[in-house]
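Enquirer: Sequence:
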Amino acid sequence: MLPWFLLLICALPCEPAGNPVSDVSLKTKPPGEWVMEGNKLVLICSVANTTENITYLWYRGALGLNLEKKTLPSITAEFEISEVKQSDVDQYYCAADNGHGPVLSELVNINVRVPVSRPVLTFVDTGTQAVLGDLVELHCKALRGSPPIFYQFYHENIILGNSSDHSGGGASFNFSLTAEHSGNFSCEASNGQGVQRSEVVALNLTGLSLVPTVNGIGNLSSGLTGWLIGCLGPIATVLIFCYWLKRKIGRQSDDPLRSPPQTVLQESNYHNSPDPGHPEPVYENVNAVSGDEVYSLVYHTQQELGPTAALLRNLF
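0 is the number of the first residue of the sequence shown in numbering that gives the first Met the number 0; add one for each residue after it.
No lab work stands behind these hints, which were simulated from the structure alone.
Be aware that one or more of the hints could be misleading.
[As the list claims (entries may be wrong)] Only pairs whose alpha carbons sit at most 25 Å apart, straight line, appear in this in silico SDA-like list of lysine to any residue:
#1 K68 to N38
#2 K84 to G63
#3 K26 to I43
#4 K39 to L142
#5 K28 to Q90
#6 K26 to Q192
#7 K68 to S86
#8 K28 to H99
#9 K26 to R59
#10 K28 to N110
#11 K28 to D89
#12 K68 to P114
#13 K68 to F78
#14 K28 to G98
#15 K39 to P114
#16 K68 to N18
#17 K84 to Q192
#18 K68 to D22
#19 K39 to Q192
#20 K26 to N48
#21 K39 to V194
#22 K39 to S145
#23 K28 to L66
#24 K69 to Y58
None of these values were measured; they are calculated from a predicted model.
Sequences are here, hints too, so could you generate the full structure?
Expert: Encoded structure:
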């Protein structure tokens, strides 16, 4: 009986004084279950009021991988992850012990959100060459980023449409191609942590003359008009010049001061008339036939055509 009593007396001073800790909890900073990749995460373990030294422990996962251990005379203690990675997604909890045994907190889920990367815009099936009237599919995808991701499609900075992706496979937008769709296309991706825009992709249209659109006809007419002016302009200039030259020469030939009358050489009916090429007077007297009557013989000398008139005869 005595030995048992002595053991009981010795054992009483060995027991820790006070009560076990209570109300152990784990909180995060920033608060909430989501944290952005690359940001700092602080796990705060706290207990109810106490004046004793408390040993704090932080654990990760269902198997309880120990992350940190601190002993402080404080009701709170912190464990910091300086740069969160996607591999840090897991469940976390903490424990507090003041010598009466550890008391555990509840589990806290930590999810890491990855900001979207610069998306890539592609034309499905048609590529960057399409024909008017084709059904074109635009596909936009960010290679990195936590879903859901919101996508917007642009043509020359004008919004064509939008779509959301909850699986990480990207989003598509379909439209029927018209002449107004020629130009630059782009898309944007966002998951609430900033916006990223793709590079510009140009779409070239072919077969404009096959579609009876107002813009197509206008372009075709303006091109045809320019071609006609370029080709027919020199021809019209030459024709106008020739017409002017012809009229000018015609006026000169009608002016008696500039163009002497032409004479036509006719064969004489008289046997005693001189040679038709006689360079002497235009007329001369011949022998009288009877009485006082005197006959005159008239010569018509043919003039040679000048160089200008000869040119006109060859041209026309």
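Enquirer: Now, for every hint given, state plainly whether the structure supports it.
Expert: Here is how each hint holds up against the structure:
no.	hint	result
1	K68 to N38	holds, 23 Å
2	K84 to G63	holds, 19 Å
3	K26 to I43	holds, 5 Å
4	K39 to L142	holds, 24 Å
5	K28 to Q90	holds, 15 Å
6	K26 to Q192	holds, 23 Å
7	K68 to S86	holds, 22 Å
8	K28 to H99	violated, 29 Å
9	K26 to R59	holds, 14 Å
10	K28 to N110	holds, 13 Å
11	K28 to D89	holds, 16 Å
12	K68 to P114	violated, 32 Å
13	K68 to F78	holds, 9 Å
14	K28 to G98	violated, 28 Å
15	K39 to P114	holds, 15 Å
16	K68 to N18	holds, 21 Å
17	K84 to Q192	holds, 16 Å
18	K68 to D22	holds, 19 Å
19	K39 to Q192	holds, 15 Å
20	K26 to N48	holds, 17 Å
21	K39 to V194	holds, 21 Å
22	K39 to S145	holds, 18 Å
23	K28 to L66	holds, 17 Å
24	K69 to Y58	holds, 13 Å
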